[in-house]
Amino acid sequence: MDVAIVERGIAFIASIIVGGTAMFQLKNELSTHGLDASATKVLLGLLVIGCFVVLFASINVLGNFAS
Amino acid sequence: MGMSSVAQPSPLLERAAVEARYHNVDALYEETRDMRLMGFVLFLLADCILFSSFIFAYLFLRASAPTWPPVVGGTQIGRLDVAFGSLNSIVLFGSGVTMHFALESWKNLKKGAFNFWIITTTLLGVAFLLGQAHEYTSAPAGLSWTTSSFGASYFTLTGLHGFHVFAGVCYLIVLTIQANRGVYTGSKYFGLTAGTLYWHFVDVIWVLLFILFYLW
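Chains as they are written, first to last, in numbering that gives the first Met the number 0: chain A, 0 to 66; chain B, 0 to 215.
Fair warning: there could be bad hints in the mix.
Unchecked claim - Within a straight-line C-alpha distance of at most 20 Å, the following computed DMTMM-like cross-link-like pairs (lysine to aspartate or glutamate) qualify:
#1 B/106 with B/46
#2 A/40 with A/28
#3 A/40 with B/46
#4 B/187 with B/29
#5 A/40 with B/33
#6 B/109 with A/28
#7 A/26 with B/29
#8 B/106 with B/29
#9 B/187 with A/6
#10 B/106 with A/1
#11 A/40 with B/134
Hints were generated in silico from the structure; no laboratory data involved. Small disclaimer: the values here were computed from a predicted structure and weren't measured.
Make a model of the complete structure from these sequences and hints.
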């Protein structure tokens, strides 16, 4: 099997797990207050976006230069 | 009356005075925690500016080039491996999640879980660095530090980020040792909060670099 397909498959599954967990953590953080909580919310939100980027990259929606 | 008649404080009194100064140590911690936190957030913002400088230099170089990736020796440089880049990215993002779990475990006084999650985070950070090393050794033909602006930007920015990850891994090791030596308690754990923020910051910077170098 092509190594790239395996890598994309693992990245796809992992991005769903990591992104889902990060979203759950972000939801739990929403009720907290303070500078550290605010910074954590922003950074976790961006991490969730990163997981979506990897998800779309793994299924060739982003970074598909062959077509 | 001579100088020798002035009463000297006894060692016991001196000790009591020192203890009184530090008696309300929790209040002192509460007072300084917010200031230290603000200082750390400002440090992260300063780091943002550092990365921004290099990123805007890259954008300028990219906008100035007639073709991208640039042509070196009559051949266009190949694209970076998106599949492996995606895999390596999710390793780093996963470490952000495990670091968050580590902090939450510490807050909930679960030391065993804390140790598990912070060691997992450290190992994922090392795995990301090894993946980055693999990326460097298997870079597309023509992509090197000296042959093109693309190569120079790629190695500078990802190298700077890799250095941050390496520093973060060292920081996590120090935090693990400190936590297990009793430096932090259930109510005083600023170092762990700062470590978590730093690690999330390193993750978020990679989101941008991944988009810029691999997907765009």
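Violating hint indices (sorted, rising): Structure breaks hints 1, 7, 9, 10, 11.
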